[in-house]
Structure formats: structure tokens, C-alpha cells
Amino acid sequence: MLNVIAEIDQALRRVGGDRALDLATIQADHALVDDLGFKSIDLARIIAILRIRLNADPFARLVPITEVRTVGDLRAAYEACLAGNLPSPPADNAGQSRARARLDARQRRGQAGPASIVPTGDA
Amino acid sequence: MTDVPGDAASALQPGPLLEPLLQFQGREALIWRDRPILFDELLAGVRAWREILLPHGLGRGACVAFRGEFSPQTVMLLLALFEADCIAVPLTRAGAEPVDARLAIAAADALIDFGNDDQWQLRRLSPPRPPPLLLQLRASAHPGLILFSSGSTGEVKASLHDATRLLERHRQARRSYRCIGFLLLDHIGGLNTLASTLFGGGTLIAVADRSVATVCDAIARHRAEVLPTTPTFLTMLLIADAPRRRDLSSLSLITYGTEPMPQTVLSALRTALPRVRLKQTYGLTEVGILATRTDDAGSLWMRVGGAGFETQVRDGVLWIRARGAMLGYLNAPSPFDADGWLCTGDVVEQDGDYIRICGRRSEVINVGGEKVFPTEVENIILATDNIAEAAVMGMPSPVTGQVVVACVRLVADEPAHQVEARVLAQCRRHLPEFKVPALVEVAAHALHSPRFKTLRKTPSAAP
Chain A
1 MLNVIAEIDQ
11 ALRRVGGDRA
21 LDLATIQADH
31 ALVDDLGFKS
41 IDLARIIAIL
51 RIRLNADPFA
61 RLVPITEVRT
71 VGDLRAAYEA
81 CLAGNLPSPP
91 ADNAGQSRAR
101 ARLDARQRRG
111 QAGPASIVPT
121 GDA
Chain B
1001 MTDVPGDAAS
1011 ALQPGPLLEP
1021 LLQFQGREAL
1031 IWRDRPILFD
1041 ELLAGVRAWR
1051 EILLPHGLGR
1061 GACVAFRGEF
1071 SPQTVMLLLA
1081 LFEADCIAVP
1091 LTRAGAEPVD
1101 ARLAIAAADA
1111 LIDFGNDDQW
1121 QLRRLSPPRP
1131 PPLLLQLRAS
1141 AHPGLILFSS
1151 GSTGEVKASL
1161 HDATRLLERH
1171 RQARRSYRCI
1181 GFLLLDHIGG
1191 LNTLASTLFG
1201 GGTLIAVADR
1211 SVATVCDAIA
1221 RHRAEVLPTT
1231 PTFLTMLLIA
1241 DAPRRRDLSS
1251 LSLITYGTEP
1261 MPQTVLSALR
1271 TALPRVRLKQ
1281 TYGLTEVGIL
1291 ATRTDDAGSL
1301 WMRVGGAGFE
1311 TQVRDGVLWI
1321 RARGAMLGYL
1331 NAPSPFDADG
1341 WLCTGDVVEQ
1351 DGDYIRICGR
1361 RSEVINVGGE
1371 KVFPTEVENI
1381 ILATDNIAEA
1391 AVMGMPSPVT
1401 GQVVVACVRL
1411 VADEPAHQVE
1421 ARVLAQCRRH
1431 LPEFKVPALV
1441 EVAAHALHSP
1451 RFKTLRKTPS
1461 AAP
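Protein chains in written order, with the working numbering: chain A, 1 to 123; chain B, 1001 to 1463.
Treat the hints with care, since some could be wrong.
Residues from chain B that keep clear of chain A, each with C-beta distances beyond 10 Å, as calculated [unchecked claim]:
#	residue
1	Gln-1073
2	Ser-1250
3	Trp-1341
4	Ala-1412
Part of the chain B face toward chain A, derived, beta carbon under 10 Å [stated by the list, open to error]:
#	residue
5	Val-1367
6	Pro-1396
7	Val-1405
8	Glu-1441
9	His-1445
No lab work stands behind these hints: they were computed from the structure. Quick caveat: nothing in here was measured; it's all calculated off a predicted structure. For glycine and all other residues, C-beta sits at the position ideal for the given N, C-alpha and C.
Build out the structure end to end from the sequences listed, making use of the hints.
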């Protein structure tokens, strides 16, 4: 049976070992950057390894990577992904049209406007 | 003109290019290792460098390379070279490419190497015959700038700029900022930051490295107002919870560019730093940095252009024509069409005057703003024992945009973990960190099509 925590810790040690980081103990509350010393390229490598090892990518569209600060956060993301119990994804604006972006901007500024998207035709 | 007495006035008197800086005497121009350098000292240093260069035969038209980071001496030297109508070739130690090749391409007359404590060594060189474009610039008696960038096939290209045209837009007075020097001095963005900061009477804050801790410390200690940076750094800033754990209260503006910004990161940044204005930037080594404008800082849609720039979208790809564009490449054909338009290679979505950058059209892998070309990594891997074929590609990464991964086919059977260890060791010996594959998978099948074209397919997950 897949042991998610063991796989994650193994990936952390594998990448940390290549960089001679001190990972004698890995605890859930250890901060990935400040405590364990991982850099951006290290985290990218860890996630790539886990994507292959666990066939899971919780950050593709469901869990923002920016909310993963600790080892515990990382474990929780993958456990939830593999269990299929993910929180509602944040608004995915990757393909957002400009009309929708303008509507969202007006609403953030508290301006009155139509609820539906109406092409305005302006630049 | 300021009221500076006698000898001090003549000592400080710069030429027409730097004359606008005189009005900022008494202000901090640069902060390096916590030491402020005033504009007065900066201009005095420019004069001192001119007196150093001349006895070495490095006067008007000389091509002078220098290698280092943003520091008092490198900034003074760069300004001195521009003022003396020389051609500046800024280099850093960030890349793994050998410097000699770049010096030859630039036909550099000298290399000035700066050490960690801003001490320097000047070495005269015996350059090859200068390219015609360089001779053309020399004949114009304008200062020049040579910047290196990677082309579409991985070879280094040297862009030659008329520095007068490049600096023109910065010489008009504007608001002054205290700005972090995040982007390097051999990068068009780094030089743009330097010029806009100094000519605005602001202060450039040099950082020893680009880690979250060092940059945040510099922001707090020196009350930086502007951070020009990359989406990858901002992702790391958020992962480290820096907005909550560090004092970033002085920041009023963060600009980001060099790679696409994920919407999730932008949204998280707006939540974490609600009082900081976020601005997307866009530029190329070949044409400089364009002005951008968005409806809303939370949107990736923007207008690009500004004075001196024209833009077009052709078949979903952005084209630019710029008054301040480079004169050309020193070692490659001109990329401009007959009407002076440059194809950026950036795929965009368009809505009226607004565009959204979707990504690069080519196979280039973008790791945190750094370009990686599959062939350059494949060449290194193929030099490893027992490797019959290699295919390198990018895998999407929420941290760095993409990460390099490799797939190999073996000559003879060997345990996969052993192959990976050997290939990674080989890559680390010859490549900078961001080019080293995150993982190496062993494939049983051929890695090329029937037409012998390398098939670059992201490795499949474990069964």
C-alpha cells in the first residue's frame, strides 16, 4: 500500500541529500524554506519526483503552491489529492477573458454593474 | 546647475549624458553592503574611471567588458564607459558559459574583473577583427552596449545597442524610488532598473544574493519601495510566508517579468500584500523594456508599448517595432523584417488593445525565467556512459513554471536509480543548477520518430 508520507519524506531526503542539507529529522512543522533550506529549484524537483512516484499533482489547479509552507502542508496536499477530498479550487483565471477580468475588477472596486458579461466594445 | 565651489565643481562636472545627475547631489545613488554612495561620490568615481581607462588606450570606441555584480565600482565604470563613448559589455558569473567566447564575439579590447570586495583587475585583450556593425557604431561616436542572450537554438547571441537611444527615455526627470537591484547587470531589465532609478534621483539597493532572506532583509533595512523581480521569486516569497514574517512595509510597488505569471500566484500576492501595487513588465534584450498598463493589478491582461514602441499580433504571436531597438546581432543575422518589426515568439491572446502572454512558441524550457534548451542538456547526457539516446523536456512546475526532466534509452541494462545518479552527476559537472534535470527516467522504447526527430514527451507517472 502506498505510504504517502514515506514517499514524500524520501523525496525530501533525495533532493536534500544532493544538496548536503541536514535532514536527519523531518517533522511536520518544519518550514521547507527557512528550516530545511530548500530553494525554488529544489521544491520544483521534489514536486516533479512526487508527480511521477505518486501519480498526483495537487498543485495543477486545486491547491495553491503558495499555501505550502511546511512539510505538514506538503503531506496534507498529497494525502488529500490521493484521497480525492480536495477543497474547492480557487478561481482559475488562467483562461479568463478580458471582459470577465474587467467585471471582476469593477466588483472588487465596489462599482455597480451588470451581473452578466456584456461586451462593451471599448478598448 | 548646482552651486559647487571651485575645484570640486570641475571634478564633478560630467558630460551631457550624465549632466542630469548633478541635480541629485547629496542624495543616495546606491547602497552596497549597507554603505550609501551619494551621487557626488558616484560622479567623482565616473571621472576617476575615465582617468584609469585612458592610459590603457581605452578611449572613445573601445570595447570594454567587465564582470561582476551591481557595486559602486561597476556602476561607476558603466557610466564612465557611456560617457566616454565606449562600448560596454557587462558580464556576470551567473551563467556557466565560458567568458572567452563572449569576449571574442564582442571583440572586447579589455576585461575588467571585479572581486567580492569591489577590487578589480584590468586585462588588455587581443580581439579579433570587429564585426561591421561594431565598426559602424564606432564611426557614429556614440556609446554602445552589448548584451548576451540565448537564441532559439541555444547559441549565445550578442545584441549591440546604441546606448544613447537606449537611455533616452530615462533621462527625463520622474519620481525617485528606492529600488532593489534584483535583476543582474548583464540583463536588459537590470540595466533598465539602474537607469530609471539613477536618472530619477532614486537609490539602487544592491543585494548580495537573490534568496528570499537576503532580499527581504535589504527591503527592511534600507526601506526599499520598489522590487523588480520574477514570478518564481514571488512564489518563493509566498511559500516562505515572508509578507507575514518579514518587514515589507516600505514596499509600494512590485514589478514582475521575464516569465509568465501564474494567476494563482498573482492572486495570492494581492491578498498577502494588499497595499503594494503590482505591475507586469515586458521587454526583450533586442528592443528594451516596454511600458505596460493594466486595468487592474489582479489581471494578467495588459497594454504594452509606450513612446517609441509599436506592437502587432500576427497569427497569435506578438511583434514589436522600437525606436530604441538594438542595431543588430554581432554574431547572427538581423531578426528584424524589412520594416523593422521583430517577432517576439511570445504567443498571446488579444482583446482589443490588450494582450495576455500565454508562453513561448518554441521548445525552450523556462525554469524560473532562465532559458534551457533541450539540445544543450541532451548533449551532456549523451556523453555519459551507457546512454544510447536522450530526450530532454520541460515539465510544468508550480514553483518555477517549468522544470527540466530527461528520458534516456540505455545501451545495456542497468538499474534505473544508478543511471539517474550517473546522469545527474554528469549534468552537475557541466551545467548550472537550473539546467540539471529534476529526474531521469529510463525508457525501453526509441526516443525518436520515424523521421529521426527527437520525441520530447513528459515522463509518465509510476503505475
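Checked hints:
Taking the minimum C-beta to C-beta distance to chain A, about 29 Å, the non-interface status of Gln-1073 of chain B holds against the 10 Å cut. Non-interface status of Ser-1250 of chain B relative to chain A is upheld: no Cβ of that chain comes within 10 Å, the nearest being about 21 Å off. In this structure Trp-1341 of chain B is separated from chain A by more than 10 Å, as the shortest Cβ-Cβ distance comes to about 22 Å. With a cut of 10 Å on Cβ distances, Ala-1412 of chain B stays outside the contact zone with chain A, its closest approach being about 24 Å.
Because the beta carbon of Val-1367 of chain B sits about 7 Å from the nearest beta carbon in chain A, less than 10 Å, this interface hint is met. Proximity of Pro-1396 of chain B to chain A holds as hinted, the smallest CB-CB distance being about 8 Å (cut-off 10 Å). A hinted interface residue such as Val-1405 of chain B counts as satisfied when its beta carbon comes closer than 10 Å to some beta carbon of chain A; here the least separation is about 6 Å, so the hint holds. For Glu-1441 of chain B, the interface hint holds, since its Cβ comes within 10 Å of a Cβ in chain A; the closest pair sits about 7 Å apart.
Proximity of His-1445 of chain B to chain A is violated relative to the hint, the smallest CB-CB distance being about 17 Å (cut-off 10 Å).
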